[in-house]
Structures are given as structure tokens and as C-alpha cells.
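Take these sequences, add in the hints, and give me the full structure.
Heads up: the sequence lines are chains A and B, in that order. Here the first sequence stands for residues 1 to 200, numbered as in our numbering. Here the second sequence stands for residues 1 to 200, numbered as in our numbering.
Treat each hint with caution, since some may be false.
Treat identical chains as interchangeable: a pair holds within one or across any two.
Unchecked claim - Listed below are the simulated DMTMM-like cross-link pairs for lysine to aspartate or glutamate, each with C-alpha atoms no more than 25 Å apart in a straight line:
hint : residue 1 : residue 2
1    : 52        : 186
2    : 34        : 152
3    : 22        : 37
4    : 165       : 120
5    : 52        : 152
6    : 22        : 64
7    : 52        : 37
8    : 22        : 94
9    : 165       : 124
10   : 52        : 89
11   : 22        : 7
12   : 34        : 64
13   : 52        : 120
14   : 34        : 89
No lab work stands behind these hints, which were simulated from the structure alone.
Each chain, written out:
There are 2 protein chains.
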Amino acid sequence: MFSPLIEDLIRALRCLPGVGPKSAQRMAMYLLEKDRDAAGLLASSLQQAVEKVGRCGQCRTLTEQDICSLCTNTRRDHSLLCVVETPADVLAIEQAGNYHGLYFVLHGHLSPIDGVGPADLGLDRLGERLGAQGEEGIRELIVATNPTVEGEATAQFIAERARAKGVTVTRIAHGVPIGGELEYIDGGTLAHAFNSRTVL
Amino acid sequence: MFSPLIEDLIRALRCLPGVGPKSAQRMAMYLLEKDRDAAGLLASSLQQAVEKVGRCGQCRTLTEQDICSLCTNTRRDHSLLCVVETPADVLAIEQAGNYHGLYFVLHGHLSPIDGVGPADLGLDRLGERLGAQGEEGIRELIVATNPTVEGEATAQFIAERARAKGVTVTRIAHGVPIGGELEYIDGGTLAHAFNSRTVL
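Next comes the structure, spelled out in C-alpha cells:
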């Protein structure tokens, strides 16, 4: 119905998560009708990011630098290492604001059925870092993978390897979210909260 | 928190309608983590569209051709002309499937407060088309601007000009949508539906 280039654009916009045919059409019309400057800027930002953004050589988070700004920050505690599944998790923890150590990003979780093994998650590199001694040594490994079946399996796998190297391994607490109402919490979370209760 | 290129990308994605900071972040992460091919394709589609898509020389809809495929289609009724506010309206009418005439896209409506006058809407070109005689002549002008205050004012303005040139002017019907339930229809629409009732 639209001309080929516009149809191409609508199809390309549908690759965005949460964008269906109607939203894609609305976005295409908006960009072409109202804001071509923004569309041009978006095109070049995308091109730049796709070409230049890679992974930090140390923590594997997304960055266009060789080593990301978190890893090179000397004011952070380099003896603490937090393992997360995605770069978005790093952001979430940074926004919470009370953790000042370093990160290690897995970019996923162990999933044999999808062919994702330890090597894909960079666990050999994580092993090297945990084995480092002296200045470079890691005092505590905090495992913050998601509390899903795969996330838990990945956490167990990493914990075993780290303990074998003599590093303290901890897991972030799971339970009722702060401000949450018991009435609306699912049974699995509540059961976990009871099992993991602490002495007051 | 993210590296500069990723921050740029997130900011650029926020120009899309309906995309806030969280969605933009999710989109950026998705494109960089999961689907770089799609991101590259989106970048080039956007670039192409921004560079090449202009307006049809005859109906002013968005197209990369000089004259769009609707205007050059000889199987359509060239004596019927439907005036709409946006290219998306053309698509909506085409999808309804019972109109086979041509279109004229205003790209907005008269809005003196925003400095949008008849020239911005291409009404001089519309006037020329309405004035054409013989083969090129328009038999009926169907005004399908939105039933808003500005849309109605624009419809009146266009109707007066067209009538002065001896062209029949019609307005699409407004009332209770087909399949709609009276209970949920707003008062303004219901009042209009009563005022515009037809003999059964």
C-alpha cells in the first residue's frame, strides 16, 4: 500500500521488541512526517553502535572502549566481583547505588538445550580472574543471576568453580520485594521467603 | 552509566512515538545483544527512507517516486478525489477497500495558531486540480478530514473553494461506529448521530 522504501522501513521497525505492525506504521509515519532530523540521527546512532560497540575485555559488558569505565574506575572495590546475566542488570544494580565492586557479564545463562555452554558465557575468563593472586585477587564473588531455573543452575555451576579456587561465593537474597504486599506475591516467592527467613 | 555510543542510541530511540526511557533502553539492549543484523538493516532503511522518500507530485502522499502508484493507477476512478489529513489515513481507507478514487493528502489541518495556512496544506494545488476540465476533471470531492474542530474547519474551507469551482463536495458520515455499543459511545458522537439521522 505504501511505497517500497516505506514498507521496508515499517518492516525494519518491527524488529524492535514490543513493536507490532500498527506501532511500526505509526513510528514510520511519525519519523517521515514530523521528525526527519531525529530519524537521521537514529539511523546514524544505530550504525555507529552496531559498528563500534563490542564487549569490555575484562567484564564483557557492552562498550565501545577496550576496557569499560567501570573496570578502569580505581575508586571501585576491585576485590568484589558481581556476576550478572546482562548489561541491563549492571545498570539496574548501579541505579540501586549501594554496590561499588566490579561486574562480570555472562550474556545469558547455561542452557544445554540451546547449545549455550560455559565457554559461551566466558566462564573460562571468569575462572582466570578468580585464580589471580595479590592485588588482582577477588575476595568475594556475588552471584546475581536471575532466580529462574537456568539462572539458578548457572549460579550453582559458577559457585562450585569459585569455591574450588578458594573464593568466597555469595548469592543475592531473594524474597518478598521491599514495599510489596504479601497478598499479591506469588506462592513460589513466598515459599522461598519462608525457607530463607533470618533471625531478627 | 552505559558507554557514550549506547547512551546516544538510547536517546535517539526515545524520539520514537510511545517509547520512554525504559523501552528505549530495552530496545537498545535487544538490538546490540540479540539482533545486530536487524539493527544494521533498520539503520540503512531509515537512512534510505529519510534521503529518498518525498511527496507525490500529484496527491502529496509520502513516496519515493515522483508520482505515487495510486495516482498512476489507470484502473482507479480519476474523477473522484478524497481529501485526507495524513498518509496513514490513505492506508486506512485503502484497507477498508470500497473506495477506488484518488487522494489528496493535506499533511495536517488549518491551524492559524500554529501558523498553518492554506498554502502549507497544498490547497492552491488542490484548487488547480479542481479547476481542471475534461479528462482531468474531478466529478466529486470527498472530504475525509478528522471530525475534530480543526478538521471540520478545514473541511468547510475546502468545501467552499470547491463549490466555487462547481465541483460536488461530500463529507464522509460520522456517527456510531459499526459494531459499537451505544452504551459506550461518547455524548458528542451520539448527539451528532441523532442530528444526522437518515430516513429508513
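Checked hints:
For a Cα distance limit of 25 Å, the shortest separation of residue 52 from residue 186 qualifies neither inside one copy, at 42 Å, nor across copies, at 52 Å. Taking the closest pair of Cα atoms, residue 34 and residue 152 come within 25 Å of each other only across two copies (22 Å); inside a single copy the shortest separation is 47 Å, beyond that limit. Proximity of residue 22 to residue 37 under the C-alpha cut-off of 25 Å is found in both arrangements, the shortest distances being 22 Å within a copy and 22 Å between copies. Only within a single protomer do residue 165 and residue 120 lie at most 25 Å apart by alpha-carbon distance; the minimum there is 21 Å, versus 72 Å between protomers.
Proximity of residue 52 and residue 152 under a CA criterion of 25 Å is satisfied in neither setting, with 33 Å inside one chain copy and 51 Å between copies. In this assembly of identical chains, the alpha carbons of residue 22 and residue 64 lie at most 25 Å apart only when taken from different copies (21 Å versus 34 Å within one copy). Proximity of residue 52 to residue 37 under the C-alpha cut-off of 25 Å is found in both arrangements, the shortest distances being 22 Å within a copy and 14 Å between copies. Within a single copy, residue 22 and residue 94 get their C-alpha atoms only as close as 35 Å, which misses the 25 Å cut-off; across copies the closest is 15 Å, which meets it.
For the identical chains of this complex, residue 165 and residue 124 are intra-copy neighbours only, at 13 Å inside a copy versus 80 Å across copies, given an alpha-carbon limit of 25 Å. When the C-alpha separation of residue 52 and residue 89 is checked against a cutoff of 25 Å, the pair qualifies only within one copy, where the shortest distance is 21 Å, while the shortest distance between copies is 39 Å. When the C-alpha separation of residue 22 and residue 7 is checked against a cutoff of 25 Å, the pair qualifies only within one copy, where the shortest distance is 12 Å, while the shortest distance between copies is 27 Å. In this assembly of identical chains, the alpha carbons of residue 34 and residue 64 lie at most 25 Å apart only when taken from different copies (17 Å versus 31 Å within one copy).
Proximity of residue 52 to residue 120 under the C-alpha cut-off of 25 Å is restricted to the intra-copy arrangement: shortest distance 21 Å within a copy versus 42 Å between copies. With identical chains, the CA atoms of residue 34 and residue 89 are at most 25 Å apart between copies only, with a shortest distance of 15 Å across copies and 34 Å within one.
In terms of the numbered hints stated before, the structure departs from hints 1, 5, listed from lowest to highest.
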